[in-house]
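Trainee: Listed in order, the protein sequences are those of chains A and B.
Counting with this note's numbering, you get residues 1 to 87 for the letters of the first sequence.
Counting with this note's numbering, you get residues 1 to 546 for the letters of the second sequence.
Bear in mind the hints are in silico, worked out from the structure with no lab data behind them.
Check each hint, because a few of them may be wrong.
Listing some non-contacts, in silico: residues in chain B with all C-beta distances to chain A over 12 Å [what the hints assert, rightly or not]:
{"no.": "1", "residue": "V7"}
{"no.": "2", "residue": "A25"}
{"no.": "3", "residue": "A27"}
{"no.": "4", "residue": "R28"}
{"no.": "5", "residue": "G49"}
{"no.": "6", "residue": "P93"}
{"no.": "7", "residue": "L171"}
{"no.": "8", "residue": "G201"}
{"no.": "9", "residue": "S229"}
{"no.": "10", "residue": "L302"}
{"no.": "11", "residue": "Y308"}
{"no.": "12", "residue": "P381"}
{"no.": "13", "residue": "A500"}
Just so you have them, the derived chain B footprint on chain A, three or more residues with Cβ under 8 Å [unchecked claim]:
{"no.": "14", "segment": "29 to 39"}
{"no.": "15", "segment": "48 to 59"}
Where a beta carbon is used, it is the ideal one built from N, C-alpha and C, also for glycine.
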Amino acid sequence: MAQHARPGKSSAKWGVVTVLLTVAIVGVLWVPIYSRSLPKLGPFPFFYWYQFAWVPVTSVLCWICYLLVMRKRTPYAGSAHGGGARK
Amino acid sequence: MSHLNTVTFVILLASFLIVTLIGFASARWRPAEDPMHLNEWGLGGRGFGTFVSWFLLGGDIYTAYTFIAVPALVYATGAAGFYALSYTIMVFPIVFIFAPRLWSVARARGYVSPGEFVRGRHGSQGLGLAVAATGILATMPYIALQLVGIESVLTVVGIGGTSSNVFVRDLPLIIGFSVMAAYTYLAGLRAPALIAFVKDGLIYLTVIVAILYIPGRLGGWGRIFDTASAHLAKTSPATGKPYGSLVVMPAGQWAYATLALGSALALFVYPHAATGVLAAKRRDVIRRNAAMLPAYSLVLGLIALFGYMARAVPAVNTDIKAAGGNAQLSVPLLFAHMFPSWFAGVADAAFVIGALVPAAVMSIAAANLFTRTVYKELLKPNATAAQETRVARVASLLMKVGALGFALELDKTFSINLQLLGGIWILQTFPSVVVGLYTRWFQRIALIIGWAAGMAYGTVEAYLTPGGGQAHFGASAAPVFGHVTYIAVTALVINLAVSAVLTVVFRRFGLQDGYDDTRPADYVADPVGTRAGSGPRASGYTTAAR
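So here's chain A without its partners, still in its complex pose:
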């Protein structure tokens, strides 16, 4: 099947995706790094502008991941659906 044609390249890609998405999640999950007032951005304490800034960052990271895993829709063998196989 097409997606297993180059497993080395594919798993490297998924490694990058995993790292990017983990960064996106940990960036807001790790509260101590941003729960502080300083440095302020204008009147906004760090706590607020950091989280607002993280919204577009996450969006861009997800988009990069989308571009990485996107592939052309290729036909695949429907005969893979056998019956009765148990895992």
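Starting from the known structure of chain A, arrange chain B on it as the hints suggest.
Mentor: Leaving out everything else, chain B in the frame of chain A:
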């Protein structure tokens, strides 16, 4: 604040009428060859592309209750309420990973709800039922809270009056909700999908205008933060501690993080979010939306800041005190005091319509769950597609009647407690649904017992948690080994631990695994065409990345 503002009311009513027309007209939007198929009524023909899905998912998961409750929390406690922003930031990377697999297997096998997937994947009627029941149970109070959100807006506009008769007082709410029930009955998911365009447009408009206009009138952001900070530093008579703070103090950080993570993990196992995902036309629609939906997170964050703005308006504080300290009124009151009447009407309409869209999707999602997991599975296995659709329509009405009952008859606090419980409960389906997308390592009976353990722990712990002047259901986080943790997350850990241990034990004793209806290729399937769902042997299959 209880006298009727005519201009605001007229704008609100006009918006409602326009939306009603759109709702009924949506039955003819993208007409289906066979409108009496559950794929059509329950999933809008599974044909929504990136653009429509963006509006539908945004309109669906950012509910009016969120728009009322989050700023209310910020108004009352400050930074702690911002966990909602963190949660909507981390939810999309999570969705990016697992939602495409759920979409693919549902499309390949014709599933319309998570309950059906679990039943097919684990070969267990019991587990499917447990997931469906949890979904329905968690959804009903969630719909009720949409009504509570509408009620706060109507109270501030001065509709409904102060009659002690529940029926008279809530007549506008009942009429509005019944009209919505009628077009949802007729058009199914097409109605909220089309109305979501109006909702989201109005919400974006309201938020942009509010952010540009209100801070100027209040003396700038600096003054808004200073006022909030001064209030939060005062000592609360209820707890003897400060009301809150502008940043999350170290003692509250674990609760903040687990609330955000738990809510993010729970969101897409909620039936209404899953329905939005399954209605997508292609697999890549979901991943594209994971990158584009954060636009709504910005909106949510800005609306959360409305809580601080409301604090800086003395008239809002006076009115909230007069209403018995109901912080849920803070945003509608902010609109009433800051905007000219006509724009207050636009903003109120955004919130009311914003409540109708998710309420409609939630009732459809619960109806899909009931129809496929209870009706077809237990009551009438050979039901035709048309019979299924009829049952789903009636089930959606019953869900709404139930929710209306919750909202009108029961104490408002009770609905809020139930929604808090709903969040805890729904996360207990995570091992069966999301882990099930990757592996069948967990044994089916072990999963049921783990689910029951998580449900039991979560319910008891929430009941035992005092807070905010209540002896029970006072908060959604409780201490575990000295760390205040979101109860749902602790319950999930217990759930997973019990399931894992019992899986090993049951395998040792040779208990049978269920029959797996799905095949590995189903999880990456990306069928061409909009009218799929007819089963694995449909032609034109393609694969995508995992």
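Trainee: Which hints from the list above does the structure break, by number from lowest to highest?
Mentor: 6, 9, 10, 11
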